[in-house]
Structures are given as C-alpha cells and as structure tokens.
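Peer 1: Listed below, chain by chain, are the residues.
There are 4 protein chains.
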Amino acid sequence: MIGSGSIARAHSNAFHQVARFFDVPFEVSTKVVCARDQGKLEAFADRWGWLEKALEWQSVIERNDIDVVDIAVPNAMHAPIAVAAARAGKIIFCEKPLAVSLDEAAQMTTAVASVPNLVWFNYRRVPAIALAKRWIEEGRLGEIFHFRGYYFNQSGVDPAKGKTWRYRKSEAGSGAIGDLLSHLLDCARYLIGYVAEVSAMTHTFTPNREVDDAVLVMARFANGSLGSFEASRFGVGRRNGLGFEIYAAKGNLAFDLEDMDRLEFFDANDPPPLQASRNLLVTGPDHPYSSNFWKPGHLIGYEHTFIATLGDFLSALAEGKEFHPNFQDGLEVQKLIASVEASAGSGLWTKT
Amino acid sequence: MIGSGSIARAHSNAFHQVARFFDVPFEVSTKVVCARDQGKLEAFADRWGWLEKALEWQSVIERNDIDVVDIAVPNAMHAPIAVAAARAGKIIFCEKPLAVSLDEAAQMTTAVASVPNLVWFNYRRVPAIALAKRWIEEGRLGEIFHFRGYYFNQSGVDPAKGKTWRYRKSEAGSGAIGDLLSHLLDCARYLIGYVAEVSAMTHTFTPNREVDDAVLVMARFANGSLGSFEASRFGVGRRNGLGFEIYAAKGNLAFDLEDMDRLEFFDANDPPPLQASRNLLVTGPDHPYSSNFWKPGHLIGYEHTFIATLGDFLSALAEGKEFHPNFQDGLEVQKLIASVEASAGSGLWTKT
Amino acid sequence: MIGSGSIARAHSNAFHQVARFFDVPFEVSTKVVCARDQGKLEAFADRWGWLEKALEWQSVIERNDIDVVDIAVPNAMHAPIAVAAARAGKIIFCEKPLAVSLDEAAQMTTAVASVPNLVWFNYRRVPAIALAKRWIEEGRLGEIFHFRGYYFNQSGVDPAKGKTWRYRKSEAGSGAIGDLLSHLLDCARYLIGYVAEVSAMTHTFTPNREVDDAVLVMARFANGSLGSFEASRFGVGRRNGLGFEIYAAKGNLAFDLEDMDRLEFFDANDPPPLQASRNLLVTGPDHPYSSNFWKPGHLIGYEHTFIATLGDFLSALAEGKEFHPNFQDGLEVQKLIASVEASAGSGLWTKT
Amino acid sequence: MIGSGSIARAHSNAFHQVARFFDVPFEVSTKVVCARDQGKLEAFADRWGWLEKALEWQSVIERNDIDVVDIAVPNAMHAPIAVAAARAGKIIFCEKPLAVSLDEAAQMTTAVASVPNLVWFNYRRVPAIALAKRWIEEGRLGEIFHFRGYYFNQSGVDPAKGKTWRYRKSEAGSGAIGDLLSHLLDCARYLIGYVAEVSAMTHTFTPNREVDDAVLVMARFANGSLGSFEASRFGVGRRNGLGFEIYAAKGNLAFDLEDMDRLEFFDANDPPPLQASRNLLVTGPDHPYSSNFWKPGHLIGYEHTFIATLGDFLSALAEGKEFHPNFQDGLEVQKLIASVEASAGSGLWTKT
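Line order of the protein sequences matches chains A, B, C and D. Residues 329 to 680 in our numbering are what the first sequence lists, from first letter to last. Residues 329 to 680 in our numbering are what the second sequence lists, from first letter to last. Residues 329 to 680 in our numbering are what the third sequence lists, from first letter to last. Residues 329 to 680 in our numbering are what the fourth sequence lists, from first letter to last.
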C-alpha cells in the first residue's frame, strides 16, 4: 500500500478484516506500506500491522513477493503509480477519483487492461445501496423518473483548509467535483445507468481558491430518467452527507450515508391506505452482506464498505469474474467529470 | 356552553366548523355562552360568535330554546352542571375527566342515562388513532402483546403553576392522573379493551403541591395484553406528548400526538427483507376522516379532533345510535383512575 | 368568490375563520359565490355558508355591496376576472399562478395597480417558513450558500388525469411549472431574494401530454447564493411534497410541507459536540402565528396558511400598508417562469 | 476464550481490533479458543484467527502462557469457569448476565476479588450512552425526573426457539430478564445511579415455556428519580431495540440502539423558540471514542462497543485503575434481577 493518511487506515483495516467476514480463497498479508514521512510511516505501520515500511514506492513496486499494489495517496500520484504497477503485472487497487484528468485516466485504464483492478468507490457496497441496486435490477421500482443525488460536507468553509492538497488544482484535479461528485456519479451509473448529457454549474465561494467548492448538475440518462446532482463543501452541518432519492413508477427510495444502515422505500404496490415510506434497517435478514457481518439489528459502519468491496473483489478474482467498480468504471466517471467541467465552463448542455 | 377558557375555544370552533366538513342533519347554533368574568365573557363571545352571554349557568340551563349543554369548566364543576342539565332533559357534552371522584362520576352517569351524552375524549378521533382502532378490529394486528402509552408535558415544572385550578385537589381531583393519564386510559380501553388489574405509583416532585406530578402504571388487560402507562407534567421538552406503541403478533404500531398526522406501522406479513416501520401520512386516501377534511397530503391539526367528535356524535344522534365516548366511557375511565389511585396508595395490584 | 373547486373550499374556510384567530378590523361576509354548474354551486354554497349564488361572475362583479373579488378558478380565467374586478375598483384576491403567460400577468398587474390585491401563495404563512424568513432577516443564518427547493407529488402518473384542465396548455399555461414550481419560486424569492439567472430543463413523461410533467432548474441569486429547484408530478409516493434545504454560513434549515409544523435547524454557533439538527415543533412559544392559533404543542394544518394570509392582508389593509404576496409578486414569479421556459427551450442560461 | 457462538465472534473481533483504535500497552494474542463441537471449533478458530483450539476449557485454564480467560458461553457455565479461572489467577472477562442466580453471582464476585475482571455490558461504550453519562455527570441535565428504558426484540415469538439454551431455566436462569432487562438495569445504574425499590411483573406468552417472555418494572432510584423498564422478546418488528428516554430539569435525552450513532438531546437552556430535540450524530468531534475510530460523519457499529470496552479495560489495567463494568457491577445487576423476580412473584414493592 502506498499512503498513510486517513483513507489508508480504512484500506488497512479492510485487509485485516476481510477474511473474518468473507470466505477468502487467498491469504491476505499486509506486506509493505510506503510513505514519505518516516515518523508517520513508523507509527502507521505499527498501528496497522504492516510487516515492512518503505519511503519510496518505486523501491517495492516490482518486488516478486508482492501481488497487489494499493494506491491511497493524493489524486495526482495515482497515474504514475498505477502505470508502474501495471507494468510490473501487479493487481491494482486505486482510491477515487481515478485521476486528475480524463487523459490520465484513459492512459491508466489502458495500462491496467491486463491486470485485475479495482477503484475504491466503496459506497457501492453500503448494504442499502446494494439493496437499491438489487431491487432496481429485479424491476421492483419499475421505470425510473428521477434520480436526485447530493453530497454535502462542510470541509470547505474553513479558509485554512486551502493549504491542503485537496485544494490545489495540480494535486487534486478539482474540488467538490472529484472529492464528492465522483461518488455520486458512480452511484448514479451503478443504480440508473448511462448518463447521456449534462448541464452543470460550479462555484467557488472562497476567494483565491483554485478548485470548485460546489457543483450542480442536471442530467438526462440514456434510459430517459432525469438526474440532478449537487455536491458542495459548503454544506454547513453535514459531515458526510451523501444521499439520493429515486422516484419511479412503482415506488421511491431514499438513502443518506449519515444513516447508512437505513433505506427508505415507498412501495406503490401496497394498498393505498398502507402506502408510506418504510424505514428499513438493512442489517438482514436477506439484505446484501447481512450474512457476512453481525446479526439482524446489529449495525455496521463506514469501514465495512471497504471490507465488502475487498471481499467481493477477492471472490471475483478467484472465480475469474470481472469485478466492478474497476478502472473502466473510474474512467467512465472521469468522462462524466470532464463533461460536467465542460458544461460548467460553456454554460451549454454537453453530451457525455 | 359553560366556560370560556382555552378548551372552550376548541369547542366553539367545532360548533362552527362541523357542518363544513360533516353532513350534519341539524342546524347547529352557538346560542349562549356562560362565564363568571364579564370582561372575558364579552371578548370570548365576540371572538367565537356566541349570540348571547350569561354570567350564571343556572340562568340558562333550562331554557326551552337550548338543546345541548356543553361543559367546559374546571373538573369540580362538571357534576353539578351535568346533573342539572340532565334533569332539564338536555343533551350533554362534558370535558374530560368526567369528575373529581368515582362517586361523582357514577352519579353523573346515572343522571344522564336518559339523555344523549358525550365526553370530550377527543383523541379517539385523531385519524391515526381511529385507523389503529380500525386495524385492530379488522384483525390486522392479531393478538396484542404490549400496549405502551405515555403522555408527557412540562406544565408542572414551573412552581408558579401551582396557583391554577389544575393544581388544587378540590377543583381538579388529581394532577397528571386526571389531566393526562385519563386520555391514555381512554385510548387503551378504546384500542385494546378492558383493563383487568393495575399496579401504580404516583409522585409529586414539587414540594407542597396537592396533586400528583407523575403517575406510572403496569396493567393486565382482560384479553391477556400487557399494558404500561406513564404520564407526567415533568416531561421537560414535551408540549403535548401523548403517544403509544403497540406490539402484536402481526406487527406493531406507534403514534405520537406531536406528529398527529402520522402512524407508524410495522407489518410482520411483509416479506422479511421488506419488513420495516412504515411512516404513514394518514391524510388519505381511505383513512378515517380523510374524505371529510382536505385532500391527501394536506395536514389537519388539533381542532379537527373536536370537529370529528362532534360530527360523529351528530350522525349517531340522527340515526339513533349510541355514541362513544359517552358518560359511561367517562365513568369507566374514572373507575380505572380510582384503581390507579388505590394501587398507588397501597403498593398492591388492584383489580378494576 | 368565483369558483367552487377544492381551492375554493380552502378560501371559503379562511373567510369564515379569520376573525376567530386574528384581530380583524372589518366584518367579513361571504356574500356571493359564482360557478357555472348549478348543482355543484348549490351544494357548495350551502356547505360553505355563502349567502347568494350566481352562475355568471360578470353579473356580480360590479355590485356595490361587494368589496372583494376572490378568484379561485382555472389559471386562464384569472386575467379577465381580475381585470374586470380592478376596473370595478374591487379589492382582488387571486389564486396562483397569477396567469398563463407573462404578458397576461403584466397586464393584470398594471390593471390592479390602484386596488389592494393579494395572490394566494399561501405557503409563505406556514409558520415554519415564516420563521425561516424571520431568522434569515435577523442574520441568524448568515451568508446563504445553497437553497435547494423541491416540490413532488404523484398527480401526473395517472394518464387519465390528462383530461382535467390542469393538463391543457390553454387553460393551465404549463404543468408542473405553474402548479408546483411557482410555489417554490415564490418561496425562494421570499426567503433568499432576487433570482438573477437560471438554467432549466423540462420533461413530459406522458405521451401526448401538452404540459410539462417535471422541471429542473439551476439558479444564481443576485446575492451570490446558488439555487436548485425541482418540481415534478411524477414524484411517486409524495402527496404534497414541497420542501427546501438552506445551507448557510451559520447553519442550515430544512422544511417539508408533509411535516408542516416542523422546521429543522442546525446552528453552527452551538459548541461542536452539541451541533446537530434541531427538530423544531413551531407551534410556539414565540413562533410566527403561534399566538393566533392553539397552545404550543397543538398542531395546525393546511387551512391555517390561508387563514393567516387573509389575517395579515386585512391587518395591512386596515393599517394602509403594502401586503405581500401581491400581484407584483405574482408577476415576478411569472417572469421567472418565463425565464425557466425560455432556458428549457434553448438549453442556455437565461438572465431573468 | 471459551465459546464459539455469535457473541464469541464479537469478542474475537475485539481482541484483534483493539490495538488498531486504542493505544494498548500490552500485546494481545488470541491464544486458545475452547468449544465442545470439534467441527464448529475448527471453523471458528480458522475464521477468527485463534492460534490453538481445545475441546475442554479445564485443559487450558491454568496454562502459564495464558493471562486472560474470556467466558462467552451460556449463562449457567459462567460460574464454574470464572471461579476456576480466578483460582488460577487469570484476568477474567465474562459475558452478561453474570450468573443464573444471585447466590452464584455473589460467589463469583468473591472469587474474582483479587484478579482484574470485566463483565461485557458492552452498551456502556456506545458513544451515545457514554455521552449521556458524561453530560449527566457534568450536570448538563440537572435533576433527573424520569428514566424510561426499554428493550424489545422479537426473538421469543417463534415457538421453535424454545429449544435453545436461552429458553431453558437451568441454563439461562431467566428469559427476557437476564437476556434483555439486565442490559437496561446496567444502563440505569450507570446513568442514573442506585435503584432503591422496584415493583415488577413478568409474563410468558408461550405455553410451557420455562422462562419469562416479558418483564415490566416500575422503580424508584435512591436520588428520587422515577424509573420504568420494559423488556420483551415479543416486540414484533424490533431486532435489537434497546433504548431509553431521560426527562430532567434542564432537558431530555433519547437513545435507541437501532440508531446507535445518534443521541437526541433537548436543551431546556436554549431560548424558547429554539427549544427542540437535537438529533446528534455522535461521531465527533468531541464525542466519546470519536478520536479512536473514524472521522466525524463516518459511522461505527455494534462491534465497536466491544472494542471500546476492551480498550478501556486495558488502559485501566495498565494504569492500575478500577475498571467498570466489572463483576461487582454484574453482581449489582443480579441483585436487581433478584428483586425484580421477587416483586413479580409477590406483587409487592421490593427494596433492593
């Protein structure tokens, strides 16, 4: 693993925990962790049980005793590491968003074509979101009229934040777009399908900030659904406020990540006097991943989305099946990001 | 109508509004209002469209041009007015609780035996509660295991409140018991049935206060259900916090008066992965009173429970049917109150 | 009053009830109601206490014993009645949206310039919305970053609905835009201020339907706030789902009309461990209109927004003050509607 | 560790995870797991990373290379193991409830007096409950009037369940009392303090079942607070429905384990128009354990309560401080259970 920040904690945890909750046909070993700051690296490796430490990722990426390279560093570093790791024939995991530009994302995707790969759009494995997907695929919702996605946090309000890499265009690529909207776009693709065209606006509330603080998007999906996406780092009061509402012919769904073990479901097939939103606690029985973790009624949290992502990846790997979300999914999101940025610049509807 | 306090406002409103929302086979005229304080009386009569005013209830109760006497005064005055009005052959409406003692309630009930009568346990006509009743009667819930009722407000916390009639034993009869618990007991009888025995405790937090501030009750219903009731004027943060939960073989229900247009319903007949509480907005279609008031999705409030009570009474009157809740219901609640008080005094289980 | 449909019920009720809850320095008399269908008219007039009935609005609009003309008919009829009533010097009340076109709205507004006038954007008087307005004006929210408004119902899903006037362009002017979005636009103007430019899309899910089923809007307010508005008659599961979220420097607000007695408020001035959304029951004390209606904790509903609108209008009239929302406000909303329609047609950002 | 059931999973997980989230001044090694069923034992040990397996707990309990014995077996086995482990000088962890009788609990507590010990009342370490405790201790709530605890699940409804050990008196000691009420009683002691007297009722809905299905308790705390506790395995629709409400002089609190990352807080010190329940997401900043786990806004779940319990125990051990909840706390709960059972039998108030 390359990286020792907060997302690297979540990845490390997943590596240790995956075999507790999933049938894993591999032995997962947390071999080497790389980071540039020696002090932090030592502390991180000790805390998270990494057997070795390295200051330079280049030094380890071609080692024969390493099968997987996990990229958990700022966005601008994703491409060089992924390309090098692919060249070395490694399995590659990469944090989202895939890259800082569409070109880069395309090059990376080409580079990894021959190795198994994964992008950490971990929210696909929130049980409530996986359940929404299952129900949509089963036809329980019918034709989908509206997908309304949002992702609000308040990370941008503090002007001092401008000094971290997430606020520098060269390192992050974008602001709320890459950080927040990318998750929404992946959810939308996963749940609804192909986004055909977008009209977007972006705004930076903070003077002299290089990246967008907020982005709004109107969209048409290829299947005729209408979409709206709104992401902002100026959502005062929200900590990790990703969510969506879906209105469809046979009902509606609502989800919010700050109540991630819940899914609201309105079933239009119920008799009229019983029609109402059900507030489902999706910890089982018969909910996605409910047999992996604890008993029904016993909650799971943020970290379990990484564990489930990894569990599914390893199963797919063992079975020789394609895993999603992979670099191709990451690239599709990057294409949407490029369309969003183009539309926000031109003020015009943009085909994706 | 005798009375010009806040409850008299709600009654007056119902008299004016009932024919807008219900098919009323009578002409309702707000003839005379009686109250002791001339200034207040004038203002009240003007505001609420009463044609005449009187300072003494005795002066009007036998008038031939009056058909109904509505009692909206402190509890201790209920009995003399009701008995006199019954003697005069009037239809009688009376605020809850019926009386300050079981003896008085029994005498009143005997006195009104030959005239149509009503006790304003208005919450039976909250659509959500009426819907709970309907479903229980239809067998939708199955055997009921638990009824958990509560009624919290914060009216007792302010020591200055001790000076109003509601805190004097002679005028109110009791504190939280008559004021709050009586509503719960009526609901419990209405929804579940006969309460067979109770064990209760009362407490007065405020030094030198004559009446109870809080009351807790455990109960066995005749049908085998278990009951718990808790009422308190020390429920800091609650304004009008009456509610209940019902756990039954086929599901559960939850209601809270501060969200009175809602009923939570868990249907155990749903397939397991769909089992969850539905948050029903009971404004229609096909909910109690939903065809009387506004269109589905358009809320009603506190006053509509009085209007619906009156509407149903007048229909029953026209059709010669027995109306509930009547003085007999008020008496049954008074019996339960007496049992609660006896048990709280003795520390023993008390048959009702 | 011209009209006898469901909105005419709500108006009638307000005429009868306003003096119960507001100090009204006028005598309000429900003099004449006009409608074309004699049977319905009779029933309506009886039910709602109108003293006289008329089949032709022209026959009564100039009567000397009439001071106010209230227009509660389909949109296309608003203009001729309003213009005639203005010419006759009457006070004019008009249902929203003001007109079926901007031209018409402009003519009407000019016509009524010399008479007191009102447009029934009743939701401004939902106590929660009035409270939001108060707090924004007091500066409690600080700079506003995002206004996200939505209005969903499911009225358009049933294809049979296409036969009512609301689905004919000539009578309604538009679909979700005039019916639903107009309320949102009025709220946005009321709460946030001038909308400077919009980018919009509309969609009609139902084949051969003349009017829009759904509309999405991105907006920039003159004060720098970002806006998004979404209105749809394909919001399966929502009955009257108008709501908004406001994110601002000092906190956030959330409101939903299906819980209209509530306002969610996040106060960023709270100490960090106490920061959370407060779920305010806005029935007092010290909330808008809480001294007019019932005691704190006792809910009000849909009809009270009309009563409060009328109460405020009559006070303003007595005091010679300008009332809002009036025809000028209705015209401003109509301008925004025209911009939304223009943008949806061109795919371009449109200055308002 | 003795045991390989579902609770043993949660304990195992805590042993592995504690050093990731807490500064642990010991090396935690999952040395030996004991269980009687060889097949299950193998699978469990593999899955949960136990280095050795044993079929008989007696064979390992005195081994010199073992410092801690963790008891995760049915209630009736707690005493012999705990006593033997104490004799061998081991640190002892024990599942709740401590024992199947008060006598046994007293003997166990005496036996472990000289060794560090812990009872897994894990819910004390739910961040929301720990926060409630902090605030009560700081005086933020003021005098506490009411503690209302409940614990509902639906485990008893299925008659087939009667065949597991939890429904046999000899192995479980009691039904809902030991399984559910014990958690509530520990919470009540932790949050409010000493329970002075109780009046209780129990009920078994299922014919021929040896243990109680439901238990209701009214209580007086030594500090004057009133308590009510209700626990039932017939709470259809609830999976793990532990919760409480606390009404106090300066506000109220509400908690429900099925939304365990939330705490509702009503602050009576807020200005009246701002008074409302805050729906706190207790993932930080400045909430209990929020610096241990993930970033604010990122949820934790069931397993983290065990991890935090263990983390706190190990810190206390290193610092030579007394840890709670220990066997003494388990014994105090057992005393309350005995009083509850005595009162349910006699129908009388029982001093504890």
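If you're looking for bench data, these hints aren't it; they were derived computationally from the structure. Values in this document were obtained by computation on a predicted structure and should not be read as measured data. A hint or two may mislead.
The list makes no distinction among identical chains, and a pair is therefore deemed to hold if it is satisfied within one copy or across any two copies.
[Stated by the list, open to error] With a Cα cut of at most 16 angstroms, we get these calculated EDC-like pairs of lysine to aspartate or glutamate:
hint, residue 1, residue 2
1, Lys-368, Glu-465
2, Lys-623, Glu-586
3, Lys-489, Glu-525
4, Lys-578, Asp-486
5, Lys-623, Asp-598
6, Lys-623, Asp-395
7, Lys-649, Asp-587
Peer 1: Could you run down the list of hints and mark each one as holding or not?
Peer 2: Verification of the supplied hints:
In this assembly of identical chains, Lys-368 and Glu-465 lie within 16 angstroms of each other by CA distance neither inside one copy nor across copies; the values are 45 angstroms within and 37 angstroms between. In this homomeric assembly, Lys-623 and Glu-586 come within 16 angstroms of each other (Cα to Cα) only across copies, at 12 angstroms, whereas the closest approach inside a single copy is 21 angstroms. Proximity of Lys-489 and Glu-525 under a CA criterion of 16 angstroms is satisfied in neither setting, with 33 angstroms inside one chain copy and 30 angstroms between copies. Taking identical chains as interchangeable, the C-alpha atoms of Lys-578 and Asp-486 lie at most 16 angstroms apart only when they sit on different chains, with a minimum of 12 angstroms there against 43 angstroms within one chain.
For the identical chains of this complex, Lys-623 and Asp-598 are neighbours neither inside a copy (28 angstroms) nor across copies (20 angstroms), given an alpha-carbon limit of 16 angstroms. In this homomeric assembly, Lys-623 and Asp-395 never come within 16 angstroms of each other (Cα to Cα): the closest approach is 34 angstroms inside a single copy and 30 angstroms across copies. Within a single copy, Lys-649 and Asp-587 get their C-alpha atoms no closer than 32 angstroms, and across copies no closer than 36 angstroms, so neither meets the 16 angstroms cut-off.
Hint compliance for this structure: hints 1, 3, 5, 6 and 7 are broken, all remaining hints hold.
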